[in-house]
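With these hints in hand, go ahead and build the complete structure from the sequences.
Here is how the chains run, residue by residue.
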Amino acid sequence: MQELTLATMIAVFEEMFGRWLLWGLVAAAVVITVLYLMVLIRDRRVSWRKFMAAQLSLPVGAVVAVLFLQQMTHSHLRDLGGPVDWLVLIGVAVLGAVGLAILVYTAQSLLWRPAREEVRGRAARAVRSAPVVREDS
Amino acid sequence: MRHLSYPEIFALGDVAGVPKGKTAASVKWQIPVVDDHLVAAIEGQEGTASYDGYTSCPLITRVGQAMLIEFDYNNNLVPSFPGVIAPLEELWISWLIKTLALKTTYNAMLRGDA
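Quick mapping for you: the protein sequence lines, in order, are chains R and C. Be aware that the first sequence starts at 175, since it is given in this note's numbering, and climbs by one per residue. Be aware that the second sequence starts at 2, since it is given in this note's numbering, and climbs by one per residue.
Incorrect hints may have been included.
[To be verified] A short, non-exhaustive set of chain R residues, derived as facing chain C with CB atoms under 7 Å:
#1 Ala185
#2 Glu189
#3 Met190
#4 His250
#5 Gly255
#6 Gly256
#7 Asp259
#8 Val262
Source of the hints: derived by calculation from the structure; they are not laboratory data. Being a predicted model, the structure only gives us computed values, none of them experimental. Ideal Cβ positions, reconstructed from N, Cα and C, are used throughout, including at glycine.
Here is the structure:
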């Protein structure tokens, strides 16, 4: 391509998805990312329990992303012809995996309050870090 | 691009008297050349851009694979992604570009956006 500017890319993606779907997807990605950052700031820590569930969704996201692309382009794994094809496949899989993992982590954080033991642990840490007040003072 | 006998006449695409390159990809390469010469002519000057016959000919070798072959007037391969997408290999990425990106690029081009 002679000129591959950002404006060209946007025009091509608008043509590919349709204007509303493209910007809807972009908006969804931005909203999910912002919510993810919000729950991280709200909880002030990564919940390893939720992180575990998010990790379990990694392969699901990877496979779904690859299958979706193959379905949309009428292609199959047997069509991979060279190293660059494997790099594209891995890239799509990584994007799908990370995207779904962030979505799963954020959804869990928004739907369920922190588990009781996590709250208890946080409370215990808060008590430990609180300034000591002498009773006779 | 510019008529030899009638310099005020410019042509692009299929109507242009070029020996090869009757493709949308060629038009994409021809537009900046005509643009340069047209603007220069309006300003009473001579344009400097030139067209080397670039054309793109994605060959579908089967459903799911293609060869992204690009060449000029002299049949030199002029790949857009040298070292990344081998023009003479049957690749999935070439099929993806052909099916997802090229038609959409040319449709966007018709609207003047690409």
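Hint check results:
no.: 1; hint: Ala185; verdict: holds, 3 Å
no.: 2; hint: Glu189; verdict: holds, 4 Å
no.: 3; hint: Met190; verdict: holds, 5 Å
no.: 4; hint: His250; verdict: holds, 6 Å
no.: 5; hint: Gly255; verdict: holds, 4 Å
no.: 6; hint: Gly256; verdict: holds, 5 Å
no.: 7; hint: Asp259; verdict: holds, 4 Å
no.: 8; hint: Val262; verdict: holds, 5 Å
In this structure, every one of the numbered hints holds.
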